[in-house]
Amino acid sequence: MSKFDQAKLLVKARKLQKELQREIITVETGGGAVKVEITGEQKIKKIHIDPESVDLEDI
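Using our numbering, read the sequence shown as starting at 398 and increasing by one per residue.
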């Protein structure tokens with residue numbers, strides 16, 4: 398692989414990293430009892446736990 402090809406690949410990788418930084422993924426389980434939002438960098442942005450799904454004696 399030439400240095401030119403490597404440079405193009407590096408530019409493309411950096412562009413993809415920037416796109417992932419802006420991406421937010423929402424995942425839920427238990428019929429919506431737990432919802433988590435994470436970024437493309439795998440940083441947790443928000444966690445929501447439905448209060449009706451939690452037994453206060455378990456805390």
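In short, the hints are calculated from the structure, not lab data.
Because the structure is a prediction, the values reported are computed rather than measured.
Some hints here could point you the wrong way.
[Stated by the list, open to error] Label-pair ranges, simulated between beta-carbon atoms:
(1) 429 - 454: 52 to 62 Å
(2) 404 - 430: 42 to 52 Å
(3) 451 - 416: 15 to 25 Å
(4) 439 - 403: 19 to 29 Å
(5) 451 - 420: 37 to 47 Å
(6) 435 - 455: 22 to 32 Å
(7) 409 - 434: 47 to 57 Å
(8) 410 - 432: 46 to 56 Å
(9) 442 - 409: 23 to 33 Å
[As the list claims (entries may be wrong)] In the SDA-like style, the derived pairs of lysine to any residue whose C-alpha atoms are separated by at most 25 Å in a straight line are:
(10) 440 - 454
(11) 443 - 414
(12) 432 - 411
Heads up, the beta-carbon is just placed ideally off N, CA and C, and yes, glycines get one too.
Check your understanding: Which of the numbered hints above does this structure break?
Key -> The structure breaks hints 1, 3, 5, 7, 8, 10 and 12; every other hint is satisfied.
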